[in-house]
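Engineer: Chain by chain, the residues run as shown.
Protein chains: 2
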Amino acid sequence: MAKSAKKYVYFFGNGKADGTGAMKDLLGGKGAGLANMTLLKIPVPAGFTITTEACNSYFEKKKKHPDGMWEQVLANIKKVEDAMGMKFGGSKNPLLLSVRSGSKFSMPGMMDTVLNLGLNETTMKAFQEKTGNERFVLDTYRRLITMFGSTVMGLERSRFDKALDAMKEDRGAKLDTDLTIEDLKELVRIFKEIFASGTGREFPSDPLQQLKLAINAVFGSWFSDRAATYRKHNNIPHDLGTACNVQAMVFGNMGENSGTGVGFTRNPSTGEKQFFAEYLPNAQGEDVVAGIRTPLHIDELKKQLPGTYKELEKIYRKLEDHYKDMLDLEFTVQDGKLYMLQTRIGKRTAAAALKIAIDMVKERRIDKQTAIMRIDPEQFERLMHPSFDPNTPVKVIAKGLPASPGAAVGKVVFTAEDAEKAAKSGNKVILVRTETSPEDIGGMYAAQGILTARGGMTSHAAVVARGMGKCCVAGCTAVHIDEETKVMTIGSHIFREGYFITLNGSTGEVILGETPLVLPDLSGDFNTVMKWADEIRELGIRANADTPDDARMALKFGAEGIGLVRTEHMFFDTGRIRAVREMILADDTEGRRRALAKILPMQREDFAGIFRVMNGKPVTIRLLDPPLHEFLPKTREEIEEMSQEMDVPVDKLLARNKALHEFNPMLGHRGCRLGITYPEISEIQVQAIMEAACEVALEKVKAIPEIMIPLIADVKELEVMREMTIRIATEVQKRYKVRVKYDVGTMIEIARAALLAHEVAPAADFYSFGTNDLTQTTWGLSRDDAGRFLPIYVEKGILERDPFITLDRKGVGLLMRMAIENSRKIKKGMKMGICGEQVDPESVEFCDEIGLTYVSGSPYRLPVARLAAAQATLKKKMKKKGKHIGASV
Amino acid sequence: MAKSAKKYVYFFGNGKADGTGAMKDLLGGKGAGLANMTLLKIPVPAGFTITTEACNSYFEKKKKHPDGMWEQVLANIKKVEDAMGMKFGGSKNPLLLSVRSGSKFSMPGMMDTVLNLGLNETTMKAFQEKTGNERFVLDTYRRLITMFGSTVMGLERSRFDKALDAMKEDRGAKLDTDLTIEDLKELVRIFKEIFASGTGREFPSDPLQQLKLAINAVFGSWFSDRAATYRKHNNIPHDLGTACNVQAMVFGNMGENSGTGVGFTRNPSTGEKQFFAEYLPNAQGEDVVAGIRTPLHIDELKKQLPGTYKELEKIYRKLEDHYKDMLDLEFTVQDGKLYMLQTRIGKRTAAAALKIAIDMVKERRIDKQTAIMRIDPEQFERLMHPSFDPNTPVKVIAKGLPASPGAAVGKVVFTAEDAEKAAKSGNKVILVRTETSPEDIGGMYAAQGILTARGGMTSHAAVVARGMGKCCVAGCTAVHIDEETKVMTIGSHIFREGYFITLNGSTGEVILGETPLVLPDLSGDFNTVMKWADEIRELGIRANADTPDDARMALKFGAEGIGLVRTEHMFFDTGRIRAVREMILADDTEGRRRALAKILPMQREDFAGIFRVMNGKPVTIRLLDPPLHEFLPKTREEIEEMSQEMDVPVDKLLARNKALHEFNPMLGHRGCRLGITYPEISEIQVQAIMEAACEVALEKVKAIPEIMIPLIADVKELEVMREMTIRIATEVQKRYKVRVKYDVGTMIEIARAALLAHEVAPAADFYSFGTNDLTQTTWGLSRDDAGRFLPIYVEKGILERDPFITLDRKGVGLLMRMAIENSRKIKKGMKMGICGEQVDPESVEFCDEIGLTYVSGSPYRLPVARLAAAQATLKKKMKKKGKHIGASV
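Listed in order, the protein sequences are those of chains A and B.
Take the position in the first sequence, starting the count at 1, then add 11; the result is the number in the numbering used here.
Take the position in the second sequence, starting the count at 1, then add 11; the result is the number in the numbering used here.
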């Protein structure tokens, strides 16, 4: 080893490990887990982990190993040989190795694995001597050639599979095991030919050569298209790199006393405290994960090898005690001896996450703060999604495994590509596949739900769908799919592309046709978590709501006030649009006033209704914002209809439409610009608000109106509008002989207002950041038009994500920071919120970080915002203390 | 005087003065001039100036005098009485006083004046005793009642004028002087009746009461509508306030040895070194200024009172020696004795300003720097305006006074209101008036030129038009105007509203019909000034130019490079639009490439042409910027035509139009967003640029292309485009075997790019601030749509000026400062310019201040930009030294 070389390789085995469970960044999740288990004296085949640093360095050096890495690998092979009492490439008791990727975050099925490395003519003989099982050795060898050929050398796997199928057909064999030893020898020969003809070289016989190529392939798989896509969808940085785990092989396929299994320490769907595992006798682990064979219940192991099962139980409890979280396990039994191959924090459904977190608090394993940090807010959001109405009769036509809970309705599509295409044009689809593979990821994202004919609860489809929180019914054997002709048959039912189908991922039911869905029942665990989150969070939560009904919903979802009432929605109401149009068509102020007088009592009642619901809670009301032309009909037909109805000549309507036409309405005559040029419009609105507040005050309802002036670019606009507002408000209160506390504030939604906030602050009682428009103006980007290029931007990696969905911290966020800091220098503790619907967890965290008073979004999104706000508070506190609360990954 | 009172009143008289000529801020221009002249021992009637601070305090205290002011006034009246040997309100040798406004900046005719204060029954008798001229005393009294009634009490002046006219008609009198003393006594009675019935009170007989009300009226006139409008148009701050000058009356109307005059120390139209004055015997100064009587040449004074004329000559030379600038003078001769009433820096035409400045340098009175500071850039700009083609025959139908030089063509309008209305709808008009009054200001701004039937070279129309640099023919007696029926007759020609007429303000000619205009000849003085400016300025000057012809013009006007070539203009060319449309209609990249290949050679030749003209000077070329739909026809008719021409079905064209339609094109699929989604478009453009540069290099022409990427919001956009540009550029140079130095930079025209400039800088060789789009995005304001509310904003005082015309220092400027500072921290001395056409003097000064490398605008605007840049440099240097170079006002 070169004396200056960095440590790139970490050994584990025989109860000792160079690394620890905390070194996920360097060793990846799998490597850290293996080190941890080894240190916990849990039986793990010896091995070593090559670090993520080595991987990154490999890419920086244009696919050359960093200095010293290979020497460290060789030294560690020696340690593994010593630990296992075997020799890699040895002519006696030969050591076989597996090579597996393992990054910081789990990316199921995304990255490469090669097993059985080290086999060649010499070691096969020795291996056969040791096992006395020629069939097993030949089978292991042909698996090595297949995996090495496809994974390392990039040959199509189907070439090997086809050759196997052809031989089975030729020999009349149903199962692989029906083939004779001679058949297998012939198969190995054929496989080697396929390898040679496909790669232009012989299958390598040097074990070290095999190992080196396999390690490089694992590194290389980090930048495979499908891994990159997965990271993009899951917001995993591309520069983490993967670690590479090299480990002594153990075999679950050495006979009936061998087997392999995977499991969760608790039920990952429901969270129930119950060992949830599957076992497949005489099989290698990859058989289970790939869904090639459907595994059995773990009771099978208990029945066959009760001692081994007992040890497994002891181990999983020990691991849960150690990690204080629900875990996902992989193990292999070789000739009755148990080996743990992997452990990590288990993926779970939102419902399970809630239940497990709450149970662990009850079990006094963790505190409430940790429980709150354990819940993934994005997953949690899906709890808000609809499910089946239990009262609607449905026709169940098949039942598969309840692989990922939830309800999904959509049109049948047969390929991932079709799913993506259909989703783009706005169709809801169900992706049906015999089984899914990593190539299907894009289609799985696009689909409402996934139905597979094969594979178990831990098959690719099941694991990935649960991760996505997407409804999935897996292993539904009644389903027959002809992917070429795109026809699915379930019993007597024939489905072609576009036919409706419904899935119940919680029961595994497949339901005929389109089924109506209902809102989720949010109580129990949900309420417990919300209560804890509310105790912890510092950020206020408000809702955007335009009607009393909306307001009631907002309260139900935990709103502490209304952050945005859009008054224009009231203007569109069928009963009022006529008066609104009269106003727009009026030739002078007087005419507009006459028309507005008709709207006044209706608006007053709107506001009064909201105030009654929100009694004692603040209600931010934005004065009319959209340009007036939005209220006029656009098509010739509509115009003619309006002409008849209002007895106004078509020509006049056309002329007014033309006069009001704007090239860029987003940047046009709207917001406070309307109120300044047509003060009577704003005046009537303020009058309606204040009259409503006074009227409800007489009913002993406490209205707290916050009157909000939209779209200012200069403080003078606000000053003019503020003066008008105070004048009208004073007049109304005098008339009603009632005093109402009200505020006058503004939206910060134009870059200039944010830049000059120090000038705006003295004239504003509060700010609300309109991050939708602020994003549009800061980016020079029309949300309505960006669809033509934003997706290409995301695809090309120019944009990491859509800035309209998650707040752009760097640009828009900088403006917000400036505005907040400069304004609070002038008005300490000034009330400031955000009402732009960017209440996703990341945006909420940012809003908390920059010191906003509250966030406001649509009622359904509030629970997630409450959770995210609590997590933000906890992260902030931990950061201050320099500590980390480990979130579930 | 209260002991703590501030000094609000400054005395001048008898060769002594409390103030000095430098105290313009406090005493106003007139007050400072009076103090200065007094100190220079020039004969000035004694008086005192009440400060602008007193005026501002008066408004702050809701129209109450500040403490101590009145006491100071009383004390100073005493000093005036002593100096003049007269007594205010005295029954012997009574002192009469004038009250005149006077702010820091001259606002001709905008503010109030009251003369002859102090007359009542008692003083009239004493005055008559002293003068022995009852007619004169009565005439003076009736002037007092008129002025006091109209100016102080707000009665309509016409009520007095009508009464005078009625009496003249009744008595058969032609001139005022035809009225008898009895008639005048009767007139005074009638005037007092008009006063009493109009104001509800008797005409005040207490001289101090008269004075107090007059002072208040002068203060009050500061916030009159017309004064506010004038300030708005001239960018004079509203918070300066006016001083008030109270001065002993002297009378130019005391007989044939008396008279009044105004003049300039040099010719204000041409700048010739020649005393340019007018004299009106037996008249008061107001008669001249108001244009009521047309004054005579100053030779009249020389003839009548040669000694007095000699003294006047001595005085004007003394003043010019003192001020080292051309001055404007007002004087009165009372019984042969000369009194100077006012002096100030004289207004002048741009041509005169040039000549005077250059002459004064030649005369070694001032240095070049001072000469440059003396030229008003806005006025200078008008030198660039067109004049008559001397070769086109014109039909001169009348000749008036050449009151303000230049050429003007337009349709006749008869009222200021009509002028404004017509100008708003894009018509060019000539305002024709019998005489103009301050109420006409708005119309004069709106008109191309002004024609009056009455008034001399110093009439309201003449003075104001010269100030505006607007062509004016005044006192054209051949013109007869019936303002009621809106008909003008000139000889046999009858003009109604809308008829075309042409004015030559340099000759006074009125020309029939519409006459073609030509570009100004810019040589001589112009070149001298430009040479001096170029020696002084630090800011670079470039032009926006799209063709070789534009480029030639740019060089002619002093461009040191091209700051912006808009390539889209080349796309619109009739020869190419077909290929451009083929590109837009293509269904795939290959189709687009085929169409683009047709455009390539044409674009290459465009660029080569520009490079040849600009040999050795940088040329910044912006890649395609506008959205593609701008290149497609819009109306059904055009679409059908295109369908036939290109043999493409109408439906396809309609569909493509629909597909490309954008809600907010300004924020849509344009700029680099086009280049990123359709790389082939940018590739062909870069190829054309680099091939052109290589081709001209073979002709020994040095091309310096600066390739500019428009509309970036994030550095990644620039990185993608930069990589493409370098790739193509390298390939082209290799192919031509030529090396060309080129830069790749970007426009900063989106708020986010400015905010994150520290990220952008590493990927950019240069920046060009696109302040047009940057203003649109920073303000959230569509330039195309702002017309509906921006004028109302300016009117209501919400906006001081249109941010698209003069750079918004506070908002947009802040973003620019941030971008410049943050980027130069990373790249010291990074090249940065502005190409948004905001090259007005204020914007140029700001660009110099924030450290831009250059400004770029249309060729015609460059001379002003060069001058403004030189002035900016000088101001900066003086500021550093803490000195001031006095600009002409």
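Treat the hints with care, as some may be off.
For chains that are exact copies, the list does not tell them apart, and a pair is met inside one copy or across any two.
Said to hold, decoys possible - Here are the simulated DMTMM-like cross-link-like pairs (lysine to aspartate or glutamate), alpha carbons at most 25 Å apart as the crow flies:
1) 18 x 36
2) 497 x 652
3) 821 x 770
4) 432 x 593
5) 669 x 648
No wet-lab data here; the hints were simulated from the structure.
Keep in mind it's a predicted model, so treat the numbers as computed, not measured.
Engineer: So, for every hint listed, does it hold in this structure?
Structural biologist: Results of checking the hints against the structure:
1. 18 x 36: within (14 Å within a copy, 77 Å between copies)
2. 497 x 652: neither (47 Å within a copy, 45 Å between copies)
3. 821 x 770: For residue 821 and residue 770, both the intra-copy (23 Å) and inter-copy (10 Å) Cα distances are at most 25 Å.
4. 432 x 593: For residue 432 and residue 593, the Cα distance exceeds 25 Å both inside one copy (44 Å) and across copies (28 Å).
5. 669 x 648: both (16 Å within a copy, 19 Å between copies)
In terms of the numbered hints stated before, the structure departs from hints 2, 4, listed from lowest to highest.
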